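A.B. asks: If you're matching them up, the sequences are chains C and A in order. First residue of the first sequence? That's 1 in the numbering used here, and the numbers climb one at a time after it. First residue of the second sequence? That's 1001 in the numbering used here, and the numbers climb one at a time after it.
The hints are simulated quantities; they were obtained by calculation from the structure and are not laboratory data. Bear in mind that the values here come from a model prediction, so they are computed numbers and not experimental data. There could be a bad hint or two in this list.
Short derived list, chain C residues pointing at chain A, Cβ under 8 Å [to be verified]: (1) Met26; (2) Arg96; (3) Leu98; (4) Trp118; (5) Arg132; (6) Asp154; (7) Leu158.
C-beta: ideal position from N, C-alpha, C; glycine also.
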Amino acid sequence: METNLIKAFNDAKAARPGAFENFFDMVEGRILRFGMRVCGHVDDARDTLQETLLNTFKALPKLEFNDQKALSVWLYRVARNSCLLMRRKREGVVDRELSLTEFRPGSDENGNREIPDWSHLPEDDAVRSEAREIVRQAVLELPAQYRFVVVLRDLEGLSTKEVGEILELPESTIKIRLHRGRLFLRKELERYFADRGSKGGA
Amino acid sequence: MGQEPNCDEMFERISEYVDGELSPEAAALFEAHCEDCGPCKNFIATFKRTIQLAHEVGGSPCPSDLFSRDEIEEFKRLFLTECKP
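Could you put the whole structure together from the sequences, leaning on the hints where they help?
C.D. replies: Below you can see the structure in the form of C-alpha cells.
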C-alpha cells in the first residue's frame, strides 16, 4: 500500500492507473479515522462525509503543497471541518468550559491531600485494555474545543505547532486546552481505578 | 521559576513538564518538589500514565465500503476534471 501521501496525490493527478483509488483510500481513511476518534461513530455521517470528499477532491488539484506535512495538515483541517459540520446537524449539543478548579485535588477535613497512585497497576492485558477504552470514551465526552486538541496531540501524535496550524489557534491556546483535556481524562481514569479498587479488583 | 514551585504551580504546569517544555532548571525544581511531596509525585505519575494510555488508544474499527464503486468513480471524475489546466 502506498504510504507516501504526496506521491499518491501526484500519481493521482497524473491519472496513473489505480492511482486515484489508492489516493482516495488514504484520504477517506484519514478523515474517517479522525472522525471516529472525535465523533465516535460515522453511522449518521455518511452524507457529511460525501459532501466533504466532493469538496476535497474538487479543491485538491488546484493546490500546491510543499511537502507531505503540508498536505497532511490540510487534510486534518478538512477532517475537522467535517466533524464540525456533523455536530451542527446534531441538535442539543452544548459545549462547556473546563476549569482547572474542577480538577484540582482537594483536601479532606484534616487538610490532608491523598492522591492514590494507580500508575503502577498490574500490567494485566485485560485491565490495560479496559483502561484504554475508558480513555477512548472519555475523549468522546470532552467538550469539542478540548477534544480536537487532545485527539490531534495525544491520539494522532502531532506537535503543538502542527495542532495550532490545523485548528488555526495560537500555541498558547492549544497548550491550555490540552492541559485541561488531559486533566479531564485523568479524572475519568481515577474514577475507574477507584471503582475497581472498591470492588476488590486491582 | 527561580525557586521550587508550590503544589498549585505544579498542578498548572504538569503538561509542560511532561512534554519537556520546561527549561532544565525548571524541570529540576519540579522534581525537587516531588521528592518531598507524595501527592504531587502521585499526581504526576498518574497524569503521565493517562497520556500514555491516550497514545495507545487505537481507532474504533472504521467502516469500509462506505461508498459504492460508482460513487468513487464520481469523485474521480470530479478530481480529474479539476486537474485539467
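A.B. asks: Could you run down the list of hints and mark each one as holding or not?
C.D. replies: These are the hints, each one checked on the structure:
A distance limit of 8 Å between C-beta atoms decides the matter here; for Met26 (chain C) the minimum to chain A is near 13 Å, and the interface restraint is violated. Interface restraint check for Arg96 (chain C): the shortest CB-CB distance to chain A comes to about 20 Å, outside 8 Å, so the restraint is violated. At about 13 Å, the closest approach between the beta carbon of Leu98 (chain C) and any beta carbon in chain A exceeds 8 Å, and the interface hint on this residue is violated. Because the smallest distance between the Cβ of Trp118 (chain C) and any Cβ of chain A comes to about 6 Å, under 8 Å, the interface hint for this residue holds.
Interface restraint check for Arg132 (chain C): the shortest CB-CB distance to chain A comes to about 5 Å, inside 8 Å, so the restraint holds. Taking 8 Å as the C-beta contact cut-off toward chain A, the hint placing Asp154 (chain C) at the interface holds, the least distance being around 4 Å. For Leu158 (chain C), the suggested interface contact is broken, since its CB lies about 12 Å from the closest CB of chain A, more than 8 Å.
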